[in-house]
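No gaps in the numbering here: position 78 of the sequence shown is 77 in numbering that gives the first Met the number 0, and each next residue is one more.
Worth flagging that the hints you see were computed from the coordinates, not collected in a lab. One should not assume that every hint holds.
As the list claims (entries may be wrong) - Label-pair restraints from in silico Cβ distances:
hint: 1; residue 1: Asp87; residue 2: Ala51; range: 35 to 41 Å
hint: 2; residue 1: Cys80; residue 2: Asp55; range: 27 to 33 Å
hint: 3; residue 1: Glu106; residue 2: Cys24; range: 39 to 45 Å
hint: 4; residue 1: Glu106; residue 2: Leu75; range: 19 to 25 Å
Only a predicted model underlies this, so the values are computations on that prediction, with no experimental measurement involved. Glycine is no exception: its CB is placed at the ideal position from the N, C-alpha and C atoms.
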Amino acid sequence: MTHNPSELPPVEQWPMLAAPDCPTCQRPTDVAWIGPATMATGAEVNVWRCRACPADFSIPAVHWPVLDGPACPHCLTEVTCWAALAPDTPGDLWTCEHGHEFVLTPEGLIILPEDAA
Numbered sequence: 000m001t002h003n004p005s006e007l008p009p010v011e012q013w014p015m016l017a018a019p020d021c022p023t024c025q026r027p028t029d030v031a032w033i034g035p036a037t038m039a040t041g042a043e044v045n046v047w048r049c050r051a052c053p054a055d056f057s058i059p060a061v062h063w064p065v066l067d068g069p070a071c072p073h074c075l076t077e078v079t080c081w082a083a084l085a086p087d088t089p090g091d092l093w094t095c096e097h098g099h100e101f102v103l104t105p106e107g108l109i110i111l112p113e114d115a116a
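Work out the full structure, taking the sequences as your base and the hints as a guide.
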């Protein structure tokens, strides 16, 4: 079985609009995400490889929660986190600190998983 690594970091480290520029040759379209790593200092980073030059470089991992997101409709907690673009519904998938998921549409409507079916 062929291993096909992901081109982008895990969704919990989004939003990310585009891959980073290579610091060596400045070609943003020729970089590929290699994977997460932990530096000797303990800092979490994402390792990237430039296909053009081929330099490896790291960028500190950014974990969202977005603390000003919508409140969770299940438990009403205000600590929610943007997870990804919703795969089946136009909108954004959000999670709360208790693991509940919901979709927020561009119109501001909340769709619960049981309502999406």
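Between Cys80 and Asp55, does the C-beta distance stay in 27 to 33 Å?
-> holds, 29 Å
So the hint says 19 to 25 Å: do the beta-carbon atoms of Glu106 and Leu75 match that?
-> holds, 21 Å
Go ahead and decide if the range 39 to 45 Å is satisfied by the Cβ distance of Glu106 to Cys24.
-> Roughly 43 Å apart at Cβ, these two residues keep to the hinted range, so it holds.
Is 35 to 41 Å right for how far apart the beta carbons of Asp87 and Ala51 are?
-> holds, 36 Å
Checked against the numbered hints listed earlier, the structure breaks none of them; every hint is satisfied.
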